[in-house]
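Colleague: Residues per chain, in single letters:
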Amino acid sequence: MSATSETEDFPTTFANAVHGGLDKVLGESGAAAVLSHMKMTSSLPDPAEFHRKLLALFGEKATLSLERAIVKDLVRRLKWALELLSIEGPFNFSATMLKIQRSVKA
Amino acid sequence: MTTRRSPGLRPLTQVNRRRSTAGSGAEDLAETRIATVLGLKQFTQRPVRTLLIKGLAGTGKTIVALEILKAAGKGKGAYISSRVPKELLEEHIPAMKETLDNQDFLDIRLEDATSVLDFVMQLTEPKKVRTIVFDSWDGLAKELDQKERLRAEKTLMALANNSGAQLIFVSEEPGATTIDYLVDGILELLRVEEQDRAVREFIIHKLRGTKIPQHKYLFTLLEGKFTFFGPYAIPDYSKIGKFAQRPDIDGSYSFGSGALDRLFGGMIPGSTLAIEYDENVPYSALRTIELPPIINFLSMGRSAILLPLPGANDERTNSILTRVLGESAVADRLRILNVVRTSDLQTTSLPKSATPNEIHELVTRETTRLREKSKDRSVLLVKSVSALENLFASDLDSLLEVTSQEIITLAQSHDAHILFLPKDSPIRSRILSMSSSYAKLFVRDGTVLMFGVKPHTGVYALQHLEDPTSPSLTQLV
Numbered sequence: 001m002s003a004t005s006e007t008e009d010f011p012t013t014f015a016n017a018v019h020g021g022l023d024k025v026l027g028e029s030g031a032a033a034v035l036s037h038m039k040m041t042s043s044l045p046d047p048a049e050f051h052r053k054l055l056a057l058f059g060e061k062a063t064l065s066l067e068r069a070i071v072k073d074l075v076r077r078l079k080w081a082l083e084l085l086s087i088e089g090p091f092n093f094s095a096t097m098l099k100i101q102r103s104v105k106a
Numbered sequence: 001m002t003t004r005r006s007p008g009l010r011p012l013t014q015v016n017r018r019r020s021t022a023g024s025g026a027e028d029l030a031e032t033r034i035a036t037v038l039g040l041k042q043f044t045q046r047p048v049r050t051l052l053i054k055g056l057a058g059t060g061k062t063i064v065a066l067e068i069l070k071a072a073g074k075g076k077g078a079y080i081s082s083r084v085p086k087e088l089l090e091e092h093i094p095a096m097k098e099t100l101d102n103q104d105f106l107d108i109r110l111e112d113a114t115s116v117l118d119f120v121m122q123l124t125e126p127k128k129v130r131t132i133v134f135d136s137w138d139g140l141a142k143e144l145d146q147k148e149r150l151r152a153e154k155t156l157m158a159l160a161n162n163s164g165a166q167l168i169f170v171s172e173e174p175g176a177t178t179i180d181y182l183v184d185g186i187l188e189l190l191r192v193e194e195q196d197r198a199v200r201e202f203i204i205h206k207l208r209g210t211k212i213p214q215h216k217y218l219f220t221l222l223e224g225k226f227t228f229f230g231p232y233a234i235p236d237y238s239k240i241g242k243f244a245q246r247p248d249i250d251g252s253y254s255f256g257s258g259a260l261d262r263l264f265g266g267m268i269p270g271s272t273l274a275i276e277y278d279e280n281v282p283y284s285a286l287r288t289i290e291l292p293p294i295i296n297f298l299s300m301g302r303s304a305i306l307l308p309l310p311g312a313n314d315e316r317t318n319s320i321l322t323r324v325l326g327e328s329a330v331a332d333r334l335r336i337l338n339v340v341r342t343s344d345l346q347t348t349s350l351p352k353s354a355t356p357n358e359i360h361e362l363v364t365r366e367t368t369r370l371r372e373k374s375k376d377r378s379v380l381l382v383k384s385v386s387a388l389e390n391l392f393a394s395d396l397d398s399l400l401e402v403t404s405q406e407i408i409t410l411a412q413s414h415d416a417h418i419l420f421l422p423k424d425s426p427i428r429s430r431i432l433s434m435s436s437s438y439a440k441l442f443v444r445d446g447t448v449l450m451f452g453v454k455p456h457t458g459v460y461a462l463q464h465l466e467d468p469t470s471p472s473l474t475q476l477v
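In order, the protein sequences belong to chains A and B. Its first residue numbered 1, the first sequence is counted upward by one per residue in our numbering. Its first residue numbered 1, the second sequence is counted upward by one per residue in our numbering.
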């Protein structure tokens, strides 16, 4: 597997996917508010910290929906097949991101 | 009679009960607070965490929202205003100054949706804030397109769900919007006209997890506080207390009830007060107008005659009066003439087919007899026209003639006269034209309402909050 975006590195693609995924569920103002509240408007922290912050704000179920939207957006940007990641049920956001990042590097 | 305002009226018990429970312990769960303020706590089975309060300008939305905010407890609520600054709001609703001072106030008139949502996250993340009021939500939502608005609303719902806070959205949008489908409850406030007077009503359109026993309720904003009226409840006569005698008011007889005295200013000697009532007004509500003047007359050493309403239980009336006044006053100076009961006609030596004139003569004889026993020779005559109409249905002209004669004779005396008149009485307009005062009782949304036509007064809700024999009247403003 390899990243299909030739102009973006992974952190940028991840950042765009976070915006895109949050936008889709929370709307532009909701997404901007979440990132502003997390103080992540310019740089995104590691997925584990992001997960913890989302969990504190929205709780388990809503966090799962938001993270799934982010992963879907990321996969779309990378032009991957979503079936390669099993995210339909509960999944580990941090581990999934790590898996994607490693695959992109490879 | 003159109309007097009612400065001494106290807020109803619902308000007091709520005060005592808000802000502490199990009574203070988020899911019960809204239902408690609306008087529906006992029916709540599932959380009511988000509420939309709709209504046109001036219907009382902000006051209702602030009552719910107050129930959150000091320092545990936030008011997000997109319309007015705090100072102006406190000026408009002085009774809520303390509530506003006790809670966070966020003025978002110049803020965008992102900043507002960030504010909400700051409030909800520590999970300390229990209630957040958006007044108004439209002010902000109208700046967003339909899809963006729905997503912002879903964001708020998710934040509320995770933090346990309840969100109250105030809206002036009359139609259904996206938020109608998301919230747990929808309350609509209205100002409606009833008998040429404006009354306030709220409609519960939706309250998830709650069996709503009644969808419409009347409420008042008296003294800047939201007080709703549940359906009329029959008084508990086992709680009859000591009667406090009320002296004459500037030459007028007291009604024996502070609330009635404030409304009508007392009964001028020689006057006739007509009380018109709808067929759905409960008898106990009429009795609460009927008994206090009789009790007060008797307690002042005067005499009274009662021609009871059809269906009245004389033994019950006697028992209530005896408990309040003692046996001798009732036996000596009160005469209950139940004209539709054969036994009474027999004891007064009247034939079963007595004419209106014979009844009139009986009343006159009794008045003369009781006048001798009255401390100042005055007698109160409380009479049900309905009972007489039932008895003399085929001879209403004679009844009207006799009643007119009684009113005219009485006007020359120092007696007082109260007539209970059904709304559909065929002789209603003739009697009303002869009456010096005229009040109406009717029922709306289960609440018994009363107002004066002559003299003109506001509308009052009739309840029994203290003494079961006396009415509590709360003005609907």
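Simulated from the structure, these hints should not be mistaken for laboratory data. Any given hint might turn out to be false.
Per label pair, the in silico range of CB-to-CB distance [stated by the list, open to error]: (1) HIS205(B) x ASN16(A): 22 to 30 Å; (2) ALA106(A) x LEU182(B): 42 to 50 Å; (3) ASN16(A) x ALA176(B): 34 to 42 Å.
By construction, the Cβ of each residue, glycine as well, lies at the ideal position given by its N, Cα and C atoms.
Colleague: Confirm or reject each hint.
Modeller: Here's how the hints hold up against the structure:
{"no.": "1", "hint": "HIS205(B) x ASN16(A): 22 to 30 Å", "verdict": "violated, 42 Å"}
{"no.": "2", "hint": "ALA106(A) x LEU182(B): 42 to 50 Å", "verdict": "holds, 44 Å"}
{"no.": "3", "hint": "ASN16(A) x ALA176(B): 34 to 42 Å", "verdict": "holds, 36 Å"}
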